[in-house]
Amino acid sequence: MPPGTASLTHSGAQSSGRGPLEPWPDTVQWQPISTNLIWVELIRLAVVVAIGLAVTAIGWALSGHWLFGLALALVVVLGGWRATAIVRAVRAWGYAERDDDLLVRHGLLVRRLSIVPYSRMQFVDVSAGPLERAFDLATVQLHTAAAASDARVPGLRPAEASRLRDRLTALGEDRAEGL
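This note's numbering puts the first residue of the sequence shown at 1051, with every later residue one more than the last.
Derived DEER-like restraints, expressed as beta-carbon distance ranges: (1) 1220 to 1133: 36 to 42 Å; (2) 1209 to 1142: 21 to 27 Å; (3) 1183 to 1123: 33 to 39 Å.
Just so you know, the hints here were simulated from the structure itself, not pulled from any lab data. Just so you know, even glycine gets a beta-carbon here, dropped at the ideal spot from N, CA and C.
With the hints as constraints, model all of the structure from the sequences given.
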C-alpha cells in the first residue's frame, strides 16, 4: 500500500488489509461455533439430495428421456458442491462480545458482519430443533426493534447458548435503563 493510503479502523489503528469484514482484528477475540454444525447441515443437505435423486431417477426410469439423466448428474454435482460450501461456511461463522455490542460474522462469497448494540436488543431466543439437539447444539437469536438488524449465532453448545443469552439479556437491560 503506498505511503499515506493506509486505512484506519474504528480505533484509529491501521487495518491489516483484510477489508471491512475483519474489524479491529487486533482487539476483537472471535469465538468460533461448533464444527458439529457441519454434520447437521450435511444431514439436511443429504435429505434434499436424496429426494432430488429419487425424483429424477424415477422420472428417468419411467420416461427414459436423457434430460432426466442430465438432471440426475446435476443433482449429484450440485450436492457435492454444496457439501464443500457447507464445511467452509460453518467455519466462517464467528461472534465476538464487546463492551457495547455483539459482532456476528458469516458468509463465504457474500461476507456479512452484523453489529448489534446491546441497548437495541429487545429479547434473545435460544432454540434447538431435533437435529440440533441430537448433536448437542443450539442457536441464539437476537431480536431488535429493526427486523433487518436481527442476528443469530448457530452451532453453540447449549451451556454456551444459555450463558450468551443470559449475558446479552443482562447487558441489554443495563443499557436500556439509560434510555
